[in-house]
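*Asks:* Quick note, the sequences are listed as chains L and W, same order. With positions in the first sequence counted from 1, the corresponding number in our numbering is that position plus 1. With positions in the second sequence counted from 1, the corresponding number in our numbering is that position plus 8.
No wet-lab data here; the hints were simulated from the structure. Possibly wrong hints are sitting among the right ones.
Reference excerpt, derived from the structure (chain L facing chain W, CB under 10 Å, subset only) [unchecked claim]:
(1) Leu47
(2) Gly105
(3) Thr109
(4) Pro112
To give an idea of the chain L side of the interface with chain W (calculated C-beta under 10 Å), a few residues [said to hold, decoys possible]:
(5) Arg61
(6) Gln104
(7) Ile110
Derived lysine-lysine pairs resembling BS3-like cross-links, with alpha carbons at most 27 Å apart [said to hold, decoys possible]:
(8) L:Lys68 - L:Lys3
(9) L:Lys99 - W:Lys22
(10) W:Lys72 - L:Lys57
(11) W:Lys72 - L:Lys43
None of these values were measured; they are calculated from a predicted model. Heads up, the beta-carbon is just placed ideally off N, CA and C, and yes, glycines get one too.
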Amino acid sequence: QKEVEQNSGPLSVPEGAIASLNCTYSDRGSQSFFWYRQYSGKSPELIMFIYSNGDKEDGRFTAQLNKASQYVSLLIRDSQPSDSATYLCAGHNQGAQKLVFGQGTRLTINP
Amino acid sequence: GAVVSQHPSRVICKSGTSVKIECRSLDFQATTMFWYRQFPKQSLMLMATSNEGSKATYEQGVEKDKFLINHASLTLSTLTVTSAHPEDSSFYICSARAPSSYNSPLHFGNGTRLTVT
């Protein structure tokens with residue numbers, strides 16, 4: 002079982018709709034989680050991070066964390082074609098320095 | 009915000025030669041940097057953790073004699089791919105964490121696309 006799992010997609014969402022990206026993790030010691038966006042041929046860029054149970058909102062993005070269910074999600078409201086990219090979920094364990102990445106979900110926003 | 013600079017962005021080399029990639033933290037000191045590799049349509053794979061002033065920690069399956077890492081200062085880590093072969097062609101990305109806390113997010117360099125002919 003992979004430590005961080007994502008549905009690889011592709012996930013297609015019409016422009017203006019809400020895109021929902023999901024991630025599960027197996028290490029209960031993981032304490033902080035990060036969502037990165039990666040455009041083709043580019044390096045990842047940080048979108049959001051979340052440490053506490055519940056929701057965290059930043060503009061059109063909302064990250065959700067449920068530690069009991071070991072589940073992290075990212076919602077993108079009012080999806081734009083420019084949101085089309087691969088989204089990477091990553092978890093961090095306090096005892097380890099490294100981030101563990103999921104395989105990424107490819108999102109396509111259709112105009 | 010934290011900025012990580014990586015150089016070169018693209019390199020083409022012949023099989024059997026060595027290639028050095030530099031990773032610099034521009035506005036913070038990074039005692040630890042991370043080197044990732046990404047093949048087409050695959051996720052990031054951590055290769056090694058670079059520790060300033062000490063030996064790097066390599067992930068299982070990564071040959072330390074082939075991928076030499078040097079972290080001689082708090083702002084610079086280098087990855088040298090020795091005796092490169094076509095199967096080493098990949099996208100290499102370094103990252104560092106701003107030292108404000110252990111929970112700080114990783115910031116990535118722009119990556120180096122290596123093509124070995």
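*Asks:* A separate judgement is required for each hint: does it hold in the structure or not?
*Replies:* These are the hints, each one checked on the structure:
About 5 Å separates the beta-carbon of L:Leu47 from the nearest beta-carbon of chain W, less than 10 Å, and the hint is met. Satisfaction of the interface hint for L:Gly105 is found here, the shortest Cβ-Cβ separation to chain W being roughly 5 Å, below the 10 Å cut-off. Violation of the interface hint for L:Thr109 is found here, the shortest Cβ-Cβ separation to chain W being roughly 14 Å, above the 10 Å cut-off. Annotation: interface hint on L:Pro112 violated; nearest CB of chain W at approximately 24 Å, more than 10 Å.
Checking L:Arg61 against chain W by beta carbon gives a least distance of about 19 Å; that is not within 10 Å, so the hint is violated. The beta carbon of L:Gln104 is positioned within 10 Å of a beta carbon in chain W (closest approach about 4 Å), and the interface hint is therefore held. For L:Ile110, the interface hint is violated, since its Cβ never comes within 10 Å of a Cβ in chain W; the closest pair sits about 19 Å apart. Among the hinted pairs, L:Lys68 with L:Lys3 is consistent with the structure: their alpha-carbon atoms are about 17 Å apart, no more than 27 Å.
About 32 Å separates the Cα atoms of L:Lys99 and W:Lys22, which puts this hinted pair outside 27 Å; it is violated. For the hint pairing W:Lys72 with L:Lys57, the CA-to-CA distance comes to about 40 Å; that exceeds 27 Å, so the pair is violated. About 26 Å separates the Cα atoms of W:Lys72 and L:Lys43, which keeps this hinted pair within 27 Å; it holds.
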